[in-house]
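Engineer: Below are the chains, spelled out letter by letter.
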Amino acid sequence: RKEVEQDPGPFNVPEGATVAFNCTYSNSASQSFFWYRQDCRKEPKLLMSVYSSGNEDGRFTAQLNRASQYISLLIRDSKLSDSATYLCVVNIDKLTGGGNKLTFGTGTQLKVEL
Amino acid sequence: EPEVTQTPSHQVTQMGQEVILRCVPISNHLYFYWYRQILGQKVEFLVSFYNNEISEKSEIFDDQFSVERPDGSNFTLKIRSTKLEDSAMYFCASSERSAYNSPLHFGNGTRLTVT
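As they're listed, the protein sequences go chains A and B. The opening residue of the first sequence carries number 1 in my numbering; numbering runs sequentially from there. The opening residue of the second sequence carries number 1 in my numbering; numbering runs sequentially from there.
Simulated from the structure, these hints should not be mistaken for lab results. Since the structure is predicted, the reported quantities are computational estimates derived from the model, not experimental observations. Note that beta-carbon positions come from the ideal geometry of N, C-alpha and C, so glycine has one too. A few of these clues could be false.
[To be verified] Here are the simulated SDA-like cross-link-like pairs (lysine to any residue), alpha carbons at most 25 Å apart as the crow flies: (1) K42(B) / Q38(A); (2) K42(A) / M89(B); (3) K2(A) / S49(A); (4) K79(A) / V19(A); (5) K111(A) / M89(B); (6) K42(B) / L47(A); (7) K42(A) / P8(A); (8) K45(A) / E3(A); (9) K42(A) / E3(B); (10) K83(B) / T115(B); (11) K57(B) / A17(A); (12) K42(B) / D82(A).
[Stated by the list, open to error] Label-pair ranges, simulated between beta-carbon atoms: (13) L39(B) / S81(A): 22 to 28 Å; (14) S26(A) / D62(B): 22 to 28 Å; (15) R1(A) / L39(B): 23 to 29 Å; (16) A29(A) / Q64(B): 26 to 32 Å; (17) A29(A) / Q41(B): 20 to 26 Å; (18) K78(B) / D7(A): 43 to 49 Å; (19) K45(A) / E59(B): 22 to 28 Å; (20) G16(B) / K45(A): 43 to 49 Å; (21) E85(B) / D77(A): 27 to 33 Å.
[Claimed, not checked] Which chain A residues stay away from chain B? Per the calculated CB distances, all over 10 Å, these: (22) P10; (23) E15; (24) A20; (25) S28; (26) R66.
So here's chain B without its partners, still in its complex pose:
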């Protein structure tokens, strides 16, 4: 079964540093997402991306965050200047279409630790 893959599985960085989290969505999917989950808390929506542009973003997704699809396969999340509170598990997801009951497929996540 095709799957969403994310790298790295764990990223440790110092406060103020830039990080790039990488994702390879399922190849025939058209919609891409980033979610995050702070330890012990719920999964939270960050951003959705379609047709090479952001279609929706949450309040969490401020100017420090950006997404990019640099080529036909990768989808990246950049955090420009990390803060301690950015420490979380970041999940990439993709879906085939935006329609009723088009399920999201999640990657296995990148654990980001900001020290």
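The following block holds chain A by itself, in its conformation from the complex:
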């Protein structure tokens, strides 16, 4: 089983649509969870952290289900500028100060169309 698994897409949606991405992770020791956004041939950029209680940032809502090892991202009222690859990322924190070793999914491609 892959460490972080995502549907690669692409998801082609009209502007204004609501779209949801799902992600599963295999390591139950994972502690931190994130969604990153990556535009073509660019660096990953943090979109939002994902908290156990779920969290929202404007049009974006993230959910975490630790029991099912499942993370989701919901984008409401999608814009053309939301077109990108969305990366599900998990981190197993090391208590000995080893920094953040992020494990990335392969990403889900979103294309928002007129």
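Based on the hints, put chain B in the right spot on chain A.
Structural biologist: Same frame as chain A, but now just chain B:
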């Protein structure tokens, strides 16, 4: 907003040559990283660096790779003898601390092409 900067943006080298990729992390950050992304594949962890030493490295980070913080601002990745399969985008990143939800800030990457 402070950012991580990487140079060069594109490096072309011949197989067997040494390359050094350079990064300037955000100034108050204490943790530094290298990741790579082969075209069409996922972003992969290479190494993390803290307090002037490697704190963790992946299987990819073999003896051909090394990292260094030669001064107070630069963080470099050296590949001693490049192979064709080293062709990838290399991203440097830094974070303020190693803690729950300390986000990584990525540089805009160096595209390495080994011919």
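Engineer: The structure should be examined with respect to each hint, and the outcome stated for every one.
Structural biologist: Verification of the hints:
1. Distance check on the hinted pair: K42(B) and Q38(A) sit about 11 Å apart at the alpha-carbon level, within 25 Å; holds.
2. Between K42(A) and M89(B) the CA atoms are separated by roughly 9 Å; this keeps the pair inside 25 Å, and the hint holds.
3. Annotation: proposed proximity of K2(A) to S49(A) holds, straight-line Cα distance about 21 Å (limit 25 Å).
4. Distance hint between K79(A) and V19(A) is fulfilled; the C-alpha atoms sit about 11 Å from each other, no more than 25 Å.
5. With a C-alpha separation of about 23 Å, the suggested pair K111(A) and M89(B) falls inside the 25 Å cut-off, and the hint holds.
6. Restraint check: the Cα-Cα separation between K42(B) and L47(A) comes to about 17 Å, which is no more than 25 Å; the hinted pair holds.
7. About 18 Å separates the Cα atoms of K42(A) and P8(A), which keeps this hinted pair within 25 Å; it holds.
8. For the proposed pair K45(A) and E3(A), the alpha carbon gap of about 20 Å is at most 25 Å, so the pair holds.
9. For a cut-off of 25 Å, the pair hint linking K42(A) to E3(B) stands: about 14 Å separates their Cα positions.
10. The suggested pairing of K83(B) with T115(B) holds, with an alpha-carbon distance near 8 Å, which does not exceed 25 Å.
11. For the proposed pair K57(B) and A17(A), the alpha carbon gap of about 41 Å is over 25 Å, so the pair is violated.
12. In summary, the hint linking K42(B) to D82(A) is supported, as the alpha carbons are separated by about 20 Å, within the 25 Å threshold.
13. Checking the proposed 22 to 28 Å range against L39(B) and S81(A) shows it holds: the Cβ atoms sit about 24 Å from each other.
14. In this structure the supplied range 22 to 28 Å holds for S26(A) paired with D62(B), their Cβ-Cβ distance being about 25 Å.
15. Evaluation of the 23 to 29 Å hint for R1(A) and L39(B) yields a pass: the beta carbon distance comes to about 25 Å.
16. Checking the proposed 26 to 32 Å range against A29(A) and Q64(B) shows it holds: the Cβ atoms sit about 30 Å from each other.
17. A hinted range of 20 to 26 Å for the beta carbons of A29(A) and Q41(B) is consistent with their spacing of about 24 Å.
18. The hinted range of 43 to 49 Å is not satisfied by K78(B) and D7(A), whose Cβ atoms lie roughly 37 Å apart.
19. Checked against the hint of 22 to 28 Å, the pair K45(A) and E59(B) passes, with Cβ atoms roughly 27 Å apart.
20. At roughly 35 Å, the beta-carbon separation of G16(B) and K45(A) lies outside the given 43 to 49 Å, and the hint is violated.
21. For E85(B) and D77(A), the hinted distance range of 27 to 33 Å is not satisfied, since their beta carbons lie about 42 Å from each other.
22. Annotated as non-interface, P10(A) keeps its C-beta farther than 10 Å from every C-beta of chain B; the closest such distance is 14 Å.
23. With a least beta-carbon separation of about 27 Å from chain B, E15(A) lies farther than 10 Å from that chain, consistent with its non-interface assignment.
24. At the 10 Å boundary, the C-beta of A20(A) stays outside the reach of chain B, the nearest C-beta of that chain being 21 Å off.
25. Annotated as non-interface, S28(A) keeps its C-beta farther than 10 Å from every C-beta of chain B; the closest such distance is 16 Å.
26. Against chain B, the non-interface label of R66(A) holds: every CB pair exceeds 10 Å, the least being about 14 Å.
In summary, the numbered hints that this structure violates are 11, 18, 20, 21.
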